[in-house]
Amino acid sequence: MRRRYSLHVSCPGEKIRSTSSYTSSHMRFRLPIEMFDETGVIHSILFTNEVQKLLNLINNPNPPHLVDCADLNEKVKDLTFIIAVKTILKKYRGELKKNISVLCLSLPKKESQKNIVCNN
1 MRRRYSLHVS
11 CPGEKIRSTS
21 SYTSSHMRFR
31 LPIEMFDETG
41 VIHSILFTNE
51 VQKLLNLINN
61 PNPPHLVDCA
71 DLNEKVKDLT
81 FIIAVKTILK
91 KYRGELKKNI
101 SVLCLSLPKK
111 ESQKNIVCNN
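Residue numbers (the working numbering): 1 to 120.
By construction, these hints were calculated from the structure, which means they are not laboratory data.
Just so it is clear, CB atoms sit at the ideal spot from N, CA and C, and this is done for glycine as well.
It cannot be assumed that every hint is accurate.
Label-pair distances were calculated between CB atoms; the ranges are [unchecked claim]:
#1 E38 x S10: 16 to 26 Å
#2 L89 x D68: 31 to 41 Å
#3 R93 x L66: 14 to 24 Å
#4 P108 x V41: 13 to 23 Å
#5 T87 x N49: 17 to 27 Å
#6 R28 x L103: 14 to 24 Å
#7 H26 x N60: 18 to 28 Å
Assemble the whole structure, with the sequences as input and the hints as a guide.
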């Protein structure tokens, strides 16, 4: 399902959190977000590729681990994003849980000349 959403970044700290381990030389990122539309709020997490796409869409030259979440919220607050999401149902301890996965993130063409294509 592809819809237009407004975003709010809900970082627990001041910077985007890295989930890299000591054995990995590649930094991975998790960014909790809230997506707003006319029907309500959806909570999800952007992982490394989507975090990088978001930073590219707003023309942020800094690497993800140096991005301040307050500045990021300031930059995305007036933008509308086109986000493709997928609902995944999983059983966890006998209960059915609903997870929302972000498949694609882009800006409408009038707001950005970049064309981000969904790979899924």
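Hint check results:
1. Between E38 and S10 the CB atoms are about 20 Å apart, so this pair conforms to the stated range of 16 to 26 Å.
2. Between L89 and D68 the Cβ separation comes to about 35 Å, which falls inside the hinted range of 31 to 41 Å.
3. A hinted range of 14 to 24 Å is violated for the C-beta pair R93 and L66, which are about 38 Å apart.
4. Take P108 and V41: their Cβ atoms lie about 21 Å apart, and the range 13 to 23 Å holds.
5. Look at T87 against N49: about 20 Å separates their beta carbons, and that is inside 17 to 27 Å.
6. Checked against the hint of 14 to 24 Å, the C-beta distance between R28 and L103 comes to roughly 18 Å, which is consistent with it.
7. A C-beta distance of roughly 20 Å is found between H26 and N60, which places it inside the suggested range of 18 to 28 Å.
The earlier numbered hint that this structure contradicts is number 3, and it is the only one.
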